[in-house]
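**Q** What follows is each chain in one-letter form.
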Amino acid sequence: MTATDWLEQLGFLLVALFTLGSALGVILARRVLHAALWLLHTLFGVAGVFALLGAHVLFAMQIVVYVGAITVLILFGVMLLEDDATREKLPGFLRSRIPARLRGATNIALHYYAGMQHVLGGVIAAAGLFVIIIAAVAEAAWFSQWRTLRPEGAQLVGGSDIQRIGEAFLTKYLLPFEVASVVLLVALVGAVIIARRDSGRLEEPDTDRPGGDSAP
Amino acid sequence: MTLPPVGLTHYLVLGAMLFCMGLFAVMTRRHAVAVLLGIELMLNAANINLIAISRFLSPHEGALALGGQAFALIVMTLAACEVAIGLAIIVCLYRNRGIVNPDEAADMKW
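Top to bottom, those sequences are chains D and R. With my numbering, the residue at position 147 of the first sequence is 147, and numbering never jumps. With my numbering, the residue at position 41 of the second sequence is 41, and numbering never jumps.
These aren't lab readings, by the way, just hints derived from the structure by calculation. It is possible that part of the hints are untrue.
[As the list claims (entries may be wrong)] Just the calculated beta-carbon pair ranges, DEER-fashion:
#1 R:Glu104 / D:Gly166: 44 to 50 Å
#2 R:Asn96 / D:Asp5: 30 to 36 Å
#3 D:Leu175 / R:Asn96: 36 to 42 Å
[As the list claims (entries may be wrong)] To give a feel for the contact side, a few chain R residues facing chain D, derived at Cβ under 8 Å:
#4 Leu3
#5 Leu36
#6 Leu37
#7 Arg55
Note that the structure is predicted; figures quoted are calculated from it, not measured. A virtual CB, placed ideally from N, CA and C, is assigned to each residue, including glycine.
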């Protein structure tokens, strides 16, 4: 085992631990603001995974688009909701049923449980899906030995990654590229319309319309 | 002690873990924005899988070998759309109804 192998092992281990640890923060943090900040760390970790995979363009895009735009958008959204809405409340039936002397012992578990519901179903579904995926991966690895066609990875000759990706988007993947831009446009216009102040309010008549029947 | 070299299986297992954590967040969180964060985790897990499979198993050369990366870029675009629309719906729901728990918004449930 050479030194580069050890370095790759160590790098993968560190990046994977960082990613999974901050993902744990996302699913356990009680306040949504904290969960969003943990998500920021997770996205940095995923960017590190992309770098390990040799996808340098994706590494940059992950940081610019995900960390720089999507997370900031989520943080703005969390802050637009008022403060008591971002703090998930302890369910009332739990608060009343726990005796005072047990409160210290169960405090930590309750702290994490407070932001959740249907925990048993979530655990069963997530663990079951994980087992199924791992079984499938193991099966495929055992049968095909991952007929790895390019074991050395994306060591391709000529041009940079970004040049080849740009080429691919304007030739072979032109249609998905254009459709994605149309989807982006529609989504942004739709988001503006949905989030407008007077949308979704059906029961109240429009009182401030000039010339309406509500004028005195 | 010799560990196996970092290969496709490592990345697929990492993606599976991240996806299941995202699924857990989607199913259990009481706040709609936290559910959105879980969806982001799942999309990132899918991106890891796409890029890993494209790197290790792609039979192509040149521009075609980057199919997984191109696909991941499109997934990122759609994730941005999804976050914008989702946040708009959540803010609208909270402003008009005072609801942030997705389980409470069950008016259309049969």
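**Q** If you check each hint against the structure, which ones fail?
**A** 2
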